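Student: This is what each chain is made of:
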Amino acid sequence: MKEITSVTYLTTKEDYVKFRQAGILGGIDSQDKSLTRVIGIFLVVVGFIVQCVSIPTLTIFEKNTVTVLLAVSGIVTALYYDLIKPAFIKAEAEKFHNKNTDKMISNTVTVYENMIEVKNYRYTAKLPFEAVCACYENDDVFVLYLSSIEFIFIPKRNMETDAVDVCGDVLKQNIKKYVKKTGKK
Amino acid sequence: MPTFYEGDCIVQITNQKIDKESFAQGFVYREKILGSLKKSIWYCLFFVIIAFIFAILTVKEYVLYKMAVKAIISVLSLIAAVYVTAVKSGVIKKSACNLYESSELMHSPATFKFYRDSFFIDTQYESFSGYWTDISAGVENNERIMLASEWISRPIVIVKTEQNKELTDKLSQHLQKTLVYKYKKKG
Numbered sequence: 001m002k003e004i005t006s007v008t009y010l011t012t013k014e015d016y017v018k019f020r021q022a023g024i025l026g027g028i029d030s031q032d033k034s035l036t037r038v039i040g041i042f043l044v045v046v047g048f049i050v051q052c053v054s055i056p057t058l059t060i061f062e063k064n065t066v067t068v069l070l071a072v073s074g075i076v077t078a079l080y081y082d083l084i085k086p087a088f089i090k091a092e093a094e095k096f097h098n099k100n101t102d103k104m105i106s107n108t109v110t111v112y113e114n115m116i117e118v119k120n121y122r123y124t125a126k127l128p129f130e131a132v133c134a135c136y137e138n139d140d141v142f143v144l145y146l147s148s149i150e151f152i153f154i155p156k157r158n159m160e161t162d163a164v165d166v167c168g169d170v171l172k173q174n175i176k177k178y179v180k181k182t183g184k185k
Numbered sequence: 186m187p188t189f190y191e192g193d194c195i196v197q198i199t200n201q202k203i204d205k206e207s208f209a210q211g212f213v214y215r216e217k218i219l220g221s222l223k224k225s226i227w228y229c230l231f232f233v234i235i236a237f238i239f240a241i242l243t244v245k246e247y248v249l250y251k252m253a254v255k256a257i258i259s260v261l262s263l264i265a266a267v268y269v270t271a272v273k274s275g276v277i278k279k280s281a282c283n284l285y286e287s288s289e290l291m292h293s294p295a296t297f298k299f300y301r302d303s304f305f306i307d308t309q310y311e312s313f314s315g316y317w318t319d320i321s322a323g324v325e326n327n328e329r330i331m332l333a334s335e336w337i338s339r340p341i342v343i344v345k346t347e348q349n350k351e352l353t354d355k356l357s358q359h360l361q362k363t364l365v366y367k368y369k370k371k372g
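Note that the protein sequences, when read in sequence, are chains X and D. If you count by the numbering used here, then the first sequence holds residues 1 to 185, one letter each, in order. If you count by the numbering used here, then the second sequence holds residues 186 to 372, one letter each, in order.
If you are wondering where the hints come from, they were derived from the structure by calculation, not from laboratory data. Accuracy of the hints is not assured; some may be wrong.
The calculated DSSO-like cross-link candidates involving lysine-lysine, where the alpha carbons are at most 27 Å apart (straight line), are [to be verified]:
#1 D:LYS367 to X:LYS95
#2 D:LYS224 to X:LYS99
#3 X:LYS103 to D:LYS223
#4 D:LYS370 to D:LYS278
#5 D:LYS217 to X:LYS90
#6 D:LYS279 to X:LYS177
#7 D:LYS279 to X:LYS103
#8 D:LYS371 to D:LYS350
#9 D:LYS350 to D:LYS223
#10 X:LYS126 to D:LYS298
#11 D:LYS298 to D:LYS367
#12 X:LYS95 to D:LYS217
#13 X:LYS90 to X:LYS2
#14 D:LYS350 to D:LYS202
#15 D:LYS202 to X:LYS13
#16 D:LYS224 to X:LYS85
The structure presented is a predicted model; accordingly, all values stated were derived computationally and were not measured.
Using the sequences and the hints, build the whole thing.
Tutor: This is how it looks when you write it as structure tokens:
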């Protein structure tokens with residue numbers, strides 16, 4: 001059994017925030033994200049129209065209130081997946097990490113040509129690629145989805161560039177669903 | 186788990202296969218303790234108050250369209266209150282059923298070993314271990330023992346009906362003694 005790469009890491013607070021954000025946001029369908037943005041923009045446009053059009057039954061205060069409500073809810077909806085949800089995940093992850101710093105133990109993830117091995121003090125697993133539902137890759141991390149609620153993280157910060165490429169290729173070849181979003185940096 | 190004195194294994198449950206219903210029940214219980222259903226009673230209260238305020242404003246209103254708008258807000262708040270208390274757990278249960286079917290890892294047969302200070306769960310591919318302090322809460326009824334842990338994302342469920350009664354009674358006693366106020370026995 002040929003070893004492709006092995007990464008040992010201790011999860012820092014920054015790591016944990018990045019992992020959680022990548023794990024949760026990476027699992028959301030891009031169509032859902034686009035639809036949310038469109039609905040948000042639509043609400044802002046409706047708010048703008050309400051402000052511009054003369055509605056005799058509404059007082060100026062009521063009209064301004066409706067416009068503000070529509071605009072705010074539109075902005076919140078449009079930016080939900082880009083700013084608001086990541087901020088919520090960050091706050092939640094930081095809170096969890098602060099509360100459980102002593103339990104953030106060292107992990108070793110080894111990718112073989114036909115399986116993935118995970119080892120830490122509390123959890124060990126030898127998972128065939130068929131057990132991994134999907135993989136999401138960004139600039140910082142590979143996220144392996146065991147289900148919609150369970151992830152395994154392989155941080156790139158301890159890996160050589162070549163190892164990242166090779167690992168990415170092996171995961172891409174073996175995992176049914178592979179999403180790569182890199183190049184922001 | 187290499188640790189301080191634990192003594193012998195108190196209870197061992199071998200190769201338990203969990204059914205879909207038990208998995209879903211365990212999942213919903215975990216959500217009630219740690220997840221999105223944790224604060225549902227407060228959300229319900231919030232929506233009921235909003236509904237009540239707008240119902241009063243509707244009664245006091247004399248312009249027809251404003252009355253309609255306030256009545257709609259009141260009704261929508263009531264619907265939201267019903268959703269967070271009654272419907273949402275059903276939705277979560279359905280998603281738990283989908284989760285159960287989506288991955289073999291979720292329902293592969295598991296061996297549970299319970300020690301004085303810790304527990305182990307072994308499946309075909311994975312091994313979990315934890316201390317009793319990792320368990321946030323537990324509940325027992327006539328059919329199941331369900332435990333919720335922040336560290337294990339999937340529900341820990343012992344299906345009592347599939348096990349020896351002596352064994353489950355022993356486990357129940359151990360959990361009552363170990364988890365104390367975090368453990369509730371019903372029925």
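Student: Of all the hints numbered above, which does this structure not satisfy? Sort the numbers upward.
Tutor: Going through the list in order, the structure violates hints 7, 9, 13, 15 and respects the others.
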